[in-house]
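Undergrad: Below, each chain spelled out in residue letters.
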Amino acid sequence: MAQATSPPEVVQEDRSRRGGYSSDAAGLGRGRAAAFVAPALLLIAVFLVFPALWVLYLGLTNYRLTGAAAAEPQFVGLDNLIEAVTTPELWNSTWLTLQFVLGSAVIGQVVLGFTIAWLMRDRTGPLKRAVEGLVILAWILPSAIVSFLWVALLDADDGTLNAMLGIPGFPWLLDHPMLSIIIFNTWRGTAFSMMLYGAALGNVPPSHLESARLAGASGWQQLRDVVFPHIRGHILTNLLLISLWTFNDFSPFLLTAGGPDGRSEVLAVHVYKVALQSGELGHGAAVSTVILLINLVVAVFYLRLLRSKK
Amino acid sequence: MAAIELRALTKVYPGGVKALDALDLTIPEGEFFALLGPSGCGKTTLLRTIAGLETATGGAVVIGDRDVTNLQPGARDIAMVFQDYALFPHMDVTDNIGYPLRIKKVAKPARREKAAEVGARLGLDHLMDRRPGQLSGGQQQRVALARVMATQAQAFLFDEPLSNLDARLRLEARTFLKKLQRELGVTTVFVTHDQAEALAMADRMAVMEAGHIRQIGTPAEVFQRPANTFVASFIGSTPMNLLDGVVRGDTLEVAGHSVAVPTSAKGRVPDGAEIVYGVRPEYMTYAAEPAEGAFGGKVAIVENLGATHLVTLDVNDVTVQAIVPEGSEPAIGDDGYALPRHDRALVYRNGELV
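Those sequence lines, one after another, are chains V and X.
One point on numbering: in this note's numbering, the residue at position 18 of the first sequence is 18, and numbering is uninterrupted.
One point on numbering: in this note's numbering, the residue at position 88 of the second sequence is 88, and numbering is uninterrupted.
Chain V with its partners taken away, still in its complex shape (with noise of 0.2 Å):
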């Protein structure tokens, strides 16, 4: 027993010697490490929590962005909330941003993302260096340039695609503005993912796959057996962020405005529009409230998936 508490008193000593230094990893002490610290947690504060708690403040008020409400904000309590859930084009827009999320990320950009990098995985040459490139490039141009990029390629009259198909006059964003959206955000965006599993597909010991090879596995089955479930982790990080990335991008508006009729309105045009466009601020704050949770429950569904070590 007396040997059991020895060594901690020693330690105590020690700290005492060398001024009052905690027995931390790095021996920095509180007051030293929150200093360090201080200034990333300050600007995370500024930038990212006071927004999100003024957000959740606005929705319980009338705040307008012209008007006597933006003067004088009144408080309305959960009004603005209650009214936000019983409007069907908040449910509408839900709708189609789960059709914008599962069309262009889950499917459009893992798939063709995973897809490129398995074909890319042994090539080099110009061949491997044309194709990153082109997909790459997609993804770093400015939203702005890219969007122009893609009516001049849809316009009905002068677009560029309907005079390769021969077909002048076909209006894609008027009848197909989801379909256009989603393949848009697919080419945008399918950069990070292959990027991401190009590196993961790396840590693929070979001799496993040429393990499988030898038992006689088909390609379908060295990716089953071997491929997916070394890189589980690298799919479920690569599901989560570009889920809520596209969940939340506001791209779309560029292309579609939302229309025809709201039929393109996903959710951060819905917020763009009821916020800025009516300038109901407090209603507008409210949806934000209701992406937050959606945002909050997909988070949590992957961290699970992520954490359940099979």
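No lab work stands behind these hints, which were simulated from the structure alone.
Be aware that one or more of the hints could be misleading.
Unchecked claim - Label-pair restraints from in silico Cβ distances:
1. X/Met1 - V/Ile136: 50 to 60 Å
2. X/Thr55 - V/Phe301: 53 to 63 Å
3. V/Phe301 - X/Arg182: 53 to 63 Å
4. V/Leu306 - X/Glu172: 37 to 47 Å
5. V/Phe301 - X/Arg130: 25 to 35 Å
To be verified - Over the 10 Å line for every Cβ pair with chain X, so calculated as not near, a few chain V residues:
6. Pro39
7. Leu43
8. Trp54
9. Leu65
10. Thr86
11. Leu98
12. Leu112
13. Thr115
14. Gly133
15. Ile145
16. Leu161
17. Pro205
18. Thr237
19. Val290
20. Ile294
21. Leu303
Just so you know, even glycine gets a beta-carbon here, dropped at the ideal spot from N, CA and C.
Given the coordinates of chain V, assemble chain X onto it according to the supplied hints.
TA: Leaving out everything else, chain X in the frame of chain V:
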């Protein structure tokens, strides 16, 4: 079980590196065959080409009576143990052993039964539910062996099977592998860079250098009569003495001494020819007193090898080494005499054994 035959097998990598240069090799059914050589000699490429993991640039690989040169690895009916064992981390031991059977669409109960049977034979019965991450290196190796055995393939290929084990375990595994191969009787080719491993385990071995096979033979043949100076210097735990010399009638002039032409080369070297005189330190008799035909010099270094000592003599500025039994090792600076065994000494001319 089947023989493996290589005909003029050639592998050229993109970029022009010739890893295998028209190799001919026949490994009879049931043989334990070692591919030995320094790193970069092409031994692993050869093994991988037999497996089908590398495509041959030319020549043919024949297993049994089938030409498998253009077949996929899975169609060649062979099994391989990789250096890192390549066990699937997300499957337990049973599923790992049964994996090749699963690919061959063997039903689950039959698979489990076969895995249990092979696992029990290799002493894995109490580990069948574990994942590879929960096993020691030696246990992982046995799982990899069990997976190979469960396939009942025509031939086994082992790529450096012992190099991931620690030194003590390696000796145990060596004995175990040799015994297992003998019991199974499956044609087995293994790659190693460790000459002691090849000598200890193989029925026959090929020593490779730069894409060529420099000698094929039993370990005894390769050890006692290396076909060329490369093999002579590569094989053996202590390097062979290779001393430049000139033929003078019935004797050789080597390191300022006159020694008789060894039995093996008698009458086969012309007078005046430049040769290399080779004799292993193990075949040298060391004495403190001069003897007829012995190399005399000063003891430069004495190295302790356990039960023996390796004595390095400085003979007219030429290094000559001899193995001395324990208890009779000389001190540094002593005069010493090393007498080569006449029937074990060899003569090389232009690098090849005479």
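Undergrad: Look at each hint and say if it fits the structure.
TA: Verification of the supplied hints:
| no. | hint | result |
| --- | --- | --- |
| 1 | X/Met1 - V/Ile136: 50 to 60 Å | holds, 53 Å |
| 2 | X/Thr55 - V/Phe301: 53 to 63 Å | violated, 45 Å |
| 3 | V/Phe301 - X/Arg182: 53 to 63 Å | holds, 56 Å |
| 4 | V/Leu306 - X/Glu172: 37 to 47 Å | holds, 41 Å |
| 5 | V/Phe301 - X/Arg130: 25 to 35 Å | holds, 31 Å |
| 6 | Pro39 | holds, 41 Å |
| 7 | Leu43 | holds, 40 Å |
| 8 | Trp54 | holds, 46 Å |
| 9 | Leu65 | holds, 55 Å |
| 10 | Thr86 | holds, 47 Å |
| 11 | Leu98 | holds, 31 Å |
| 12 | Leu112 | holds, 26 Å |
| 13 | Thr115 | holds, 22 Å |
| 14 | Gly133 | holds, 23 Å |
| 15 | Ile145 | holds, 40 Å |
| 16 | Leu161 | holds, 40 Å |
| 17 | Pro205 | violated, 7 Å |
| 18 | Thr237 | holds, 18 Å |
| 19 | Val290 | holds, 38 Å |
| 20 | Ile294 | holds, 32 Å |
| 21 | Leu303 | holds, 20 Å |
Against the hints set out earlier in the document, violations occur for numbers 2 and 17.
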